[in-house]
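Listed below are the residues making up each chain.
There are 4 protein chains.
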Amino acid sequence: MIKIAIVGGTGYTGVELLRILALHPEVIIHTVTSRADVGKRVDDMYPNLRGFVDAEFTEPSVESLAECDIVFFATPNGTAMRMAQALLERGLKIIDLAADFRLTDPAVWEHWYGEPHVCPDLLHEAVYGLPEVNRERIRNARLLANPGCYPTAVQLGLLPLVEQRLVHLDTLIADAKSGVSGAGRKAEIPMLMSETGESFKAYGVKGHRHLPEIRQGLEQACGEPIGLTFVPHLVPMIRGIHATLYAQLVTSAALDLQNLYETRYRDEPFVDVLPAGSHPDTRNVRGSNRCQIAVHRPQGGDTVVILSVIDNLVKGAAGQAVQNMNLLFGLEETTGLRAIGVYP
Amino acid sequence: MIKIAIVGGTGYTGVELLRILALHPEVIIHTVTSRADVGKRVDDMYPNLRGFVDAEFTEPSVESLAECDIVFFATPNGTAMRMAQALLERGLKIIDLAADFRLTDPAVWEHWYGEPHVCPDLLHEAVYGLPEVNRERIRNARLLANPGCYPTAVQLGLLPLVEQRLVHLDTLIADAKSGVSGAGRKAEIPMLMSETGESFKAYGVKGHRHLPEIRQGLEQACGEPIGLTFVPHLVPMIRGIHATLYAQLVTSAALDLQNLYETRYRDEPFVDVLPAGSHPDTRNVRGSNRCQIAVHRPQGGDTVVILSVIDNLVKGAAGQAVQNMNLLFGLEETTGLRAIGVYP
Amino acid sequence: MIKIAIVGGTGYTGVELLRILALHPEVIIHTVTSRADVGKRVDDMYPNLRGFVDAEFTEPSVESLAECDIVFFATPNGTAMRMAQALLERGLKIIDLAADFRLTDPAVWEHWYGEPHVCPDLLHEAVYGLPEVNRERIRNARLLANPGCYPTAVQLGLLPLVEQRLVHLDTLIADAKSGVSGAGRKAEIPMLMSETGESFKAYGVKGHRHLPEIRQGLEQACGEPIGLTFVPHLVPMIRGIHATLYAQLVTSAALDLQNLYETRYRDEPFVDVLPAGSHPDTRNVRGSNRCQIAVHRPQGGDTVVILSVIDNLVKGAAGQAVQNMNLLFGLEETTGLRAIGVYP
Amino acid sequence: MIKIAIVGGTGYTGVELLRILALHPEVIIHTVTSRADVGKRVDDMYPNLRGFVDAEFTEPSVESLAECDIVFFATPNGTAMRMAQALLERGLKIIDLAADFRLTDPAVWEHWYGEPHVCPDLLHEAVYGLPEVNRERIRNARLLANPGCYPTAVQLGLLPLVEQRLVHLDTLIADAKSGVSGAGRKAEIPMLMSETGESFKAYGVKGHRHLPEIRQGLEQACGEPIGLTFVPHLVPMIRGIHATLYAQLVTSAALDLQNLYETRYRDEPFVDVLPAGSHPDTRNVRGSNRCQIAVHRPQGGDTVVILSVIDNLVKGAAGQAVQNMNLLFGLEETTGLRAIGVYP
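Here the protein sequences come in this chain order: A, B, C and D. With my numbering applied, the first sequence covers 1 to 344. With my numbering applied, the second sequence covers 1 to 344. With my numbering applied, the third sequence covers 1 to 344. With my numbering applied, the fourth sequence covers 1 to 344.
No lab work stands behind these hints: they were computed from the structure. Hints are not guaranteed to be accurate.
Same chains, same names: a pair is fine if it fits in one copy or spans any two.
Here are the simulated SDA-like cross-link-like pairs (lysine to any residue), alpha carbons at most 20 Å apart as the crow flies [to be verified]:
hint	residue 1	residue 2
1	K206	S252
2	K40	S278
3	K186	S64
4	K40	H168
5	K206	L257
6	K3	I189
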């Protein structure tokens with residue numbers, strides 16, 4: 001049994017990790033930390049976990065974490081990078097669900113996250129935990145950067161086109177929509193139900209931190225610079241991301257794009273290319289680790305439209321982290337992740 | 001492996017049965033019927049089931065159903081009673097998720113359901129499938145009447161008080177609130193999102209079909225007539241029932257009601273009495289088979305207030321049906337039902 | 001033209017006052033205060049008001065407010081009572097939308113609000129601003145206590161029964177449900193959309209501050225002690241209150257309750273008794289100052305069920321305050337309040 | 001006073017017309033038709049109108065309509081074109097809120113609406129009722145085609161760029177999101193709250209009927225062919241459209257796009273260009289006739305991003321129809337339309 005620790009167990013990604021890991025047959029939840037709630041029972045805060053998680057929140061410390069095999073950081077940005085080196089030295093594996101190790105260039109990281117990176121050397125060792133791209137590297141990693149929610153939906157949607165350079169790489173557009181849980185469990189007026197319910201808005205049009213992450217991933221996939229316009233939106237629902245992706249084909253010739261996608265993802269347990277003409281609903285992946293994708297070429301024109309949906313807390317966060325953990329420890333990749341989307 | 005059939009697999013209780021049974025380790029989904037969709041793949045209609053359910057909808061017939069061990073009726077009222085006798089004769093077990101076998105008195109059934117009952121003899125054989133009351137009888141039954149969603153939440157909330165006759169039995173009040181999936185998957189204007197979203201209303205105040213069902217259950221629990229006012233409401237959410245129950249204590253003496261409830265449900269795998277002072281959220285049981293209950297006596301007065309929540313599609317329908325199936329076939333009662341509430 | 005000031009213009013009742021008063025033909029919005037936002041344009045914070053409100057938030061001070069004819073306090077509890085005396089001395093009228101002047105007994109106020117009242121003398125002068133009860137006293141008042149949202153819905157629903165003593169006064173039950181805007185515009189985790197969306201819960205069962213307010217109003221209506229169980233609930237919607245009220249008739253005789261209600265409210269511009277058998281929807285009063293009420297006596301029994309709906313921010317707060325202002329200044333009572341419910 | 005008739009008064013655009021016109025100071029609601037509800041009181045079906053609309057639904061006939069000055073068709077597509085000629089001959093004015101007169105080319109109409117147009121001659125007389133483009137022609141029209149909801153939001157967002165040919169006209173992208181009331185008040189399973197709530201999806205990617213309408217409007221604005229990819233999405237809310245519009249600038253030079261938009265719409269009473277850097281919320285225009293627009297050029301690149309929001313039932317349907325009526329009859333354009341967005 002793998003002994004796991006969750007640092008920052010009170011946010012939505014933390015509690016989602018608990019929900020998944022509590023039923024995972026190969027792990028023991030050893031430590032759940034939360035500075036603000038030390039001594040409080042986890043299931044007092046999250047009554048859905050009653051009977052499944054028998055733990056109290058503890059203070060995070062390298063010493064106590066060192067008793068585990070792996071640490072999940074479900075913390076704000078800037079936390080994992082301050083503890084990573086010490087934990088790695090003690091032989092632990094790390095999966096950071098925040099952004100500390102997602103960008104390989106420390107200068108880019110500093111630009112978007114507003115402070116110098118604390119351990120730039122580790123940026124190069126860290127493996128970007130998108131199994132559909134980096135599966136083999138993940139198996140052998142010590143330090144995994146779990147992808148962001150938008151980057152997961154957008155990259156899985158665009159990769160087949162970009163890898164094959166079938167589209168102009170300088171005018172990609174990702175119009176992405178997320179449920180409000182993506183903003184985390186923070187006391188902020190703009191995320192009140194009175195503010196976000198029954199309304200729809202874009203945000204961060206000027207520049208969102210997931211833009212460089214997506215761009216980096218796509219550039220690695222094709223070896224060329226990517227020009228991407230990324231506009232995130234807030235949907236009045238709790239879970240789910242829907243990315244609507246636009247790209248201009250480099251040729252007007254007939255292309256079997258449906259086949260391209262089906263072939264690319266044929267062996268992927270968590271990417272499901274829907275039949276031609278489909279329109280994926282976020283509800284169909286709610287609570288599941290699946291990405292569902294549909295491929296469109298409206299009126300046979302030069303613009304390809306890809307629709308890609310995930311549950312932002314599962315394939316966009318905690319589920320993907322467990323998928324990565326399974327790879328790290330040589331388990332069947334789908335262990336603990338065979339949930340079916342909760343519809344309706 | 002138990003071969004199961006679902007008659008009426010296109011409604012919300014049907015698809016919820018599929019979601020649960022597809023991952024149940026002891027069953028094979030043999031037959032899923034829908035007259036209107038014969039030949040269509042189940043996962044074409046419900047893409048959340050892609051990769052989990054490999055079946056097409058078929059015509060319901062006694063012959064084809066007879067190949068199974070058990071038939072779940074997830075049909076409108078009045079369907080199961082027309083097929084039950086023939087299926088029982090062929091040795092099958094039946095769980096009816098509709099109301100055909102819930103009331104023991106054919107006259108009462110006819111009054112509330114608007115037609116004579118087709119097989120009144122079976123009404124007496126049928127066992128009311130509330131395991132917290134009838135566990136032993138369920139194990140030995142052939143024909144189970146799966147309780148309604150409101151009756152499950154209300155009875156579990158009131159039973160400890162009524163069984164002990166601690167409250168006046170003639171002025172019970174059940175103010176119940178349900179998500180819209182309780183109305184089923186029917187094309188009706190009042191259930192459009194534009195009608196039910198961002199609004200709240202009562203309905204059926206004059207008299208709802210779940211009233212006689214609840215009354216019957218409570219009368220059996222105490223052996224006396226019950227006077228109950230039952231007012232259902234529609235909540236702008238999809239899943240979940242919250243019953244707020246009011247009863248007048250027969251004594252003003254101090255009573256340890258918290259202990260009464262904890263003792264009554266101590267061994268129940270799916271009833272969870274929350275700590276004193278709690279307010280259960282429907283979200284904490286979303287997608288799970290659990291009932292969470294809190295006990296209050298405001299200002300120490302004579303009025304007891306019980307709060308009882310379930311997921312109407314799980315403990316209020318498909319989950320309870322699977323719990324009953326487990327009992328019928330001698331399986332561990334929680335098999336296939338160890339899901340944790342999907343929060344947030 | 002009446003010069004008005006709003007103290008605390010950034011909460012939901014404040015912005016709703018602005019929405020109503022900006023189109024009121026007899027007022028000038030002279031001053032809008034917010035300590036935290038001094039110098040900021042009101043319509044920068046609330047873009048729905050662009051072109052309608054040309055003001056900046058200012059510091060609240062007796063001096064600047066003294067230039068106005070009336071001050072609306074849309075502030076947290078405990079603010080108005082600290083400024084009321086000084087403003088009254090300068091000849092202003094005051095409508096407090098918070099709770100400072102709602103309870104007549106300073107000891108009761110202190111018990112429920114946790115601090116001694118600062119100006120208990122004014123408690124007796126203050127008029128409770130429910131026009132359906134106190135219209136004439138309101139016309140001549142200087143200081144108005146605008147009723148709470150729940151108390152408005154509950155009292156309007158129960159008054160005809162209580163005034164006529166047709167029901168047992170010691171076992172009244174008010175099961176009330178509110179949209180989340182009732183909690184105000186405060187940065188608190190429990191009011192995040194991820195917490196309150198798609199879920200339903202009761203709260204404050206132990207005791208809610210609106211309980212003594214309702215009890216006081218009903219006791220004044222009948223001159224006898226009232227026993228009331230009041231359970232508020234949170235509905236996953238933004239606006240609207242639905243009160244489901246239960247009372248036991250003192251007689252089993254036939255009573256024309258429909259006529260009782262229609263007669264009681266015949267001349268009320270903002271109370272609408274629906275036809276017998278109706279179930280009011282909160283959506284039908286959304287954005288309007290109306291209370292819609294339906295009267296039921298299920299199965300002709302002894303329990304009366306009253307359904308009463310309002311928009312908590314309008315008839316439950318800002319609209320009622322404007323109705324009161326109209327009375328205070330001798331205007332037509334409906335001036336500026338003839339909005340129709342926004343359906344769908 | 002203008003005597004108005006509404007044909008098809010039971011859909012969402014019909015009831016929204018009633019909500020607006022009931023308070024319009026210059027009109028009398030003379031006739032409201034609904035074949036299915038003849039003899040029923042309008043406010044029985046729509047209790048929000050109680051006290052404001054004193055009418056019964058009648059059978060639509062040219063004779064009865066001929067007593068009015070103007071007929072609003074709030075009907076399904078294909079109705080108005082069958083009655084228009086006869087009504088025009090009797091001197092009435094017509095505003096069709098459906099699509100019968102929106103496209104000038106009968107062949108295009110037939111392609112998208114699936115039947116030959118009944119009165120192609122009138123297609124050329126009909127004026128497209130977008131006041132921001134056709135104000136003078138509207139004043140003198142007999143027959144107005146009220147724009148679609150998406151086309152209103154998209155055209156108002158793109159017109160300044162397209163009129164000035166500042167962007168490539170062949171790769172425009174309109175990623176549009178609508179609340180569910182846009183689908184109308186029809187008993188259809190996909191629009192149930194259980195289907196559309198808490199979920200997000202695209203639809204009609206292959207081709208939506210609003211595509212040719214938008215294209216026609218933009219082509220008339222610049223005199224050149226337009227290449228547009230239009231993807232509509234369904235948002236789990238009732239009212240509101242948010243269009244996110246992408247265009248490639250023809251020059252990389254500095255451009256004062258903010259000023260371009262502010263100048264273009266300076267005198268428009270219902271188009272509000274927000275300050276630079278804004279992100280409009282649909283809630284801020286809820287219930288109002290306003291379009292709010294924000295202009296972005298992320299990272300100073302060649303892609304312009306325009307955000308445009310309306311209430312689909314007001315500026316996208318009934319409100320714009322009343323605005324057009326005001327123009328037709330020489331009234332102040334804003335008469336009856338000075339509502340403020342209902343926030344929260």
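Under the constraints set out in the numbered hints, which ones does this structure not fulfil? 3, 4 and 6
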